[in-house]
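Mind docking chain B on chain A? Use the hints.
Line by line, the protein sequences are chains A and B. Counting from 1, one number per residue, gives the positions in the first sequence under our numbering. Counting from 1, one number per residue, gives the positions in the second sequence under our numbering.
It is worth saying that the hints were derived from the structure and are not from the lab. Hints should not be assumed to be uniformly reliable.
All copies of an identical chain are treated as equivalent in the list; a pair is satisfied when it fits inside any one copy or across any two copies.
Derived DSSO-like pairs: lysine-lysine, alpha-carbon spacing no greater than 27 Å straight-line [as the list claims (entries may be wrong)]:
1. K34 - K162
2. K109 - K175
3. K142 - K162
4. K146 - K69
5. K85 - K46
6. K146 - K221
7. K229 - K175
8. K162 - K109
9. K213 - K142
10. K229 - K149
11. K201 - K146
12. K69 - K198
13. K85 - K142
14. K149 - K201
There are 2 protein chains.
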Amino acid sequence: MGPQNFKFQLFFAMDRVKVLASEHPEWKTTEPFKSVLANDMHGVMKGGVPGLLALVNATHSGMDVETFKEEVAEWLKTAKHPTIKRPYTNLIYQPMMELIQYLEANDFKVYIVSGGGIDFMRSFVPEMYGIPEEHIIGSSGKVHYKDGKIMKDDEIYFIDDKETKPLAIYRHIGKRPVAAFGNSDGDFAMMEYSEANKKYKTFQLYVHHTDDKREVAYDRKSHIGKLDKGLDYGINNNWTIVDMKNEWKVIYPFELNK
Amino acid sequence: MGPQNFKFQLFFAMDRVKVLASEHPEWKTTEPFKSVLANDMHGVMKGGVPGLLALVNATHSGMDVETFKEEVAEWLKTAKHPTIKRPYTNLIYQPMMELIQYLEANDFKVYIVSGGGIDFMRSFVPEMYGIPEEHIIGSSGKVHYKDGKIMKDDEIYFIDDKETKPLAIYRHIGKRPVAAFGNSDGDFAMMEYSEANKKYKTFQLYVHHTDDKREVAYDRKSHIGKLDKGLDYGINNNWTIVDMKNEWKVIYPFELNK
Chain A
1 MGPQNFKFQL
11 FFAMDRVKVL
21 ASEHPEWKTT
31 EPFKSVLAND
41 MHGVMKGGVP
51 GLLALVNATH
61 SGMDVETFKE
71 EVAEWLKTAK
81 HPTIKRPYTN
91 LIYQPMMELI
101 QYLEANDFKV
111 YIVSGGGIDF
121 MRSFVPEMYG
131 IPEEHIIGSS
141 GKVHYKDGKI
151 MKDDEIYFID
161 DKETKPLAIY
171 RHIGKRPVAA
181 FGNSDGDFAM
191 MEYSEANKKY
201 KTFQLYVHHT
211 DDKREVAYDR
221 KSHIGKLDKG
231 LDYGINNNWT
241 IVDMKNEWKV
251 IYPFELNK
Chain B
1 MGPQNFKFQL
11 FFAMDRVKVL
21 ASEHPEWKTT
31 EPFKSVLAND
41 MHGVMKGGVP
51 GLLALVNATH
61 SGMDVETFKE
71 EVAEWLKTAK
81 HPTIKRPYTN
91 LIYQPMMELI
101 QYLEANDFKV
111 YIVSGGGIDF
121 MRSFVPEMYG
131 IPEEHIIGSS
141 GKVHYKDGKI
151 MKDDEIYFID
161 DKETKPLAIY
171 RHIGKRPVAA
181 FGNSDGDFAM
191 MEYSEANKKY
201 KTFQLYVHHT
211 DDKREVAYDR
221 KSHIGKLDKG
231 LDYGINNNWT
241 IVDMKNEWKV
251 IYPFELNK
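Excised from the complex, chain A in its bound form (with noise of 0.2 Å):
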């Protein structure tokens, strides 16, 4: 899920910031703000994750996490994915709901272990992956508690990407995941975490996404979500990879009723 999250959260924090622009003159020309105001989607994702953050914290510092969550929520109840014009909500996988599905109905405990901001995800992924609160591991912004309140900050708390995957299953989990799925080469440490699992067998499986016509298509040279070095590990060591374009007949839930 990590540059689908990535995405959905770049789209709200750059709704936010042409909301409250009038009251913040200065941001028509500091980044990444001003390529926000400009639309300027190169010069926004040349920021990476730490600009998708300062995005996020500048819009959102002050604000109380419950209050965040709903804005959230408020904003998914109309906003469109700006190229395929449907409701974020629809835009789930149709092979990962029934993956999810599948190893839930097996007593597997199944967590999303994201470098998507964790508030934003738990203000949606409840409701439409059918996973709790508890079981949605992100990044995070650091926060205070004031009077029976979880206060958002303007700092950097917690990226969980790479290395430090493996580090936030340790923290929020404690055991090593039997299974692991993932889309990049931020997941890597994460599936190698779980590869080296000395008590249960274990499986790997990268999604290669490959279909640029009905999604898009990224792998060694990209940007955001770039998978190399993990694709070669995966190919040398019988991790399953998914070929995206060939394999999936179906990626979105609303192809189903074509």
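For chain B alone, kept in the frame of chain A given last:
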């Protein structure tokens, strides 16, 4: 469980210091090691939670967390509480056990949120209390990922106490507790966070350790596990206050067999 975990872990770290002392001649003259080697409990306790974590870090940095947990489990097989003269695993509170079982039988998810070390607790709490690793939240040291392993560093990462308890609950669970149970001012913020739940009716309970014969008595003036501000607030706000001496017929399960 706060002070109890704290003490168990302190005894574990003290035993480790004694085992490793021959490799560290400098410990004879530096605190908190000096007090440990002199069996000076008062000197050791003066360091509080940071002192305990310093002991844990010094005796376990460079070790991977799975080996650490095995070492704790091994220690627990033979170690006995210095005054009660029983294995630590016997020193579960019978009423706490019954409460956990009652809540779980009614579909509540039960978490332990303690100042004790997260790895230390995860090595025995699942078997002792039937609470899985992923429902155990605690203090933790810094770690790094290397070649499929989580390695312990010699630095404190997170102390789970007072205002950081609700932060830890927010990060791990992402939901407000509907019920919270504590025994010291260190639990107050967590209980207040639970009480501020607007979505559900809530419940807060303090166990007041009043029994200096069967267990230990502490409250307003205790060095560790102080219960002062929380006791006043609880009394004034209809929280349930349990008087251990007069209301707990049984403290430890082994009393049932007498």
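The hints, checked one at a time:
1. Taking the closest pair of Cα atoms, K34 and K162 never come within 27 Å of each other, the shortest separation being 29 Å inside a single copy and 41 Å across copies.
2. In the homo-oligomer, the alpha carbons of K109 and K175 lie at most 27 Å apart both inside one protomer (11 Å) and across protomers (18 Å), since each shortest distance falls under that limit.
3. In this assembly of identical chains, the alpha carbons of K142 and K162 lie at most 27 Å apart whether taken from the same copy (20 Å) or from different copies (17 Å).
4. In the homo-oligomer, the alpha carbons of K146 and K69 lie at most 27 Å apart inside one protomer (18 Å), although the nearest pairing across protomers, at 35 Å, exceeds that limit.
5. With identical chains, the CA atoms of K85 and K46 are at most 27 Å apart within one copy only, with a shortest distance of 24 Å there and 63 Å across copies.
6. For the homomeric pair K146 and K221, the shortest alpha-carbon distance between copies (26 Å) is at most 27 Å, but the shortest distance inside one copy (45 Å) is not.
7. Only within a single protomer do K229 and K175 lie at most 27 Å apart by alpha-carbon distance; the minimum there is 25 Å, versus 37 Å between protomers.
8. Within a single copy, K162 and K109 get their C-alpha atoms as close as 22 Å, which meets the 27 Å cut-off; across copies the closest is 30 Å, which misses it.
9. Neither within a single protomer nor between protomers do K213 and K142 lie at most 27 Å apart by alpha-carbon distance, with minima of 39 Å and 44 Å respectively.
10. In this assembly of identical chains, K229 and K149 lie within 27 Å of each other by CA distance solely across copies; the values are 19 Å between and 42 Å within a copy.
11. Taking identical chains as interchangeable, the C-alpha atoms of K201 and K146 lie at most 27 Å apart only when they sit on different chains, with a minimum of 21 Å there against 45 Å within one chain.
12. Only between protomers do K69 and K198 lie at most 27 Å apart by alpha-carbon distance; the minimum there is 15 Å, versus 39 Å within a single protomer.
13. Taking the closest pair of Cα atoms, K85 and K142 never come within 27 Å of each other, the shortest separation being 33 Å inside a single copy and 44 Å across copies.
14. Taking the shortest alpha-carbon separations for K149 and K201, only the inter-copy value of 17 Å comes in at or below 27 Å, while the best intra-copy value is 42 Å.
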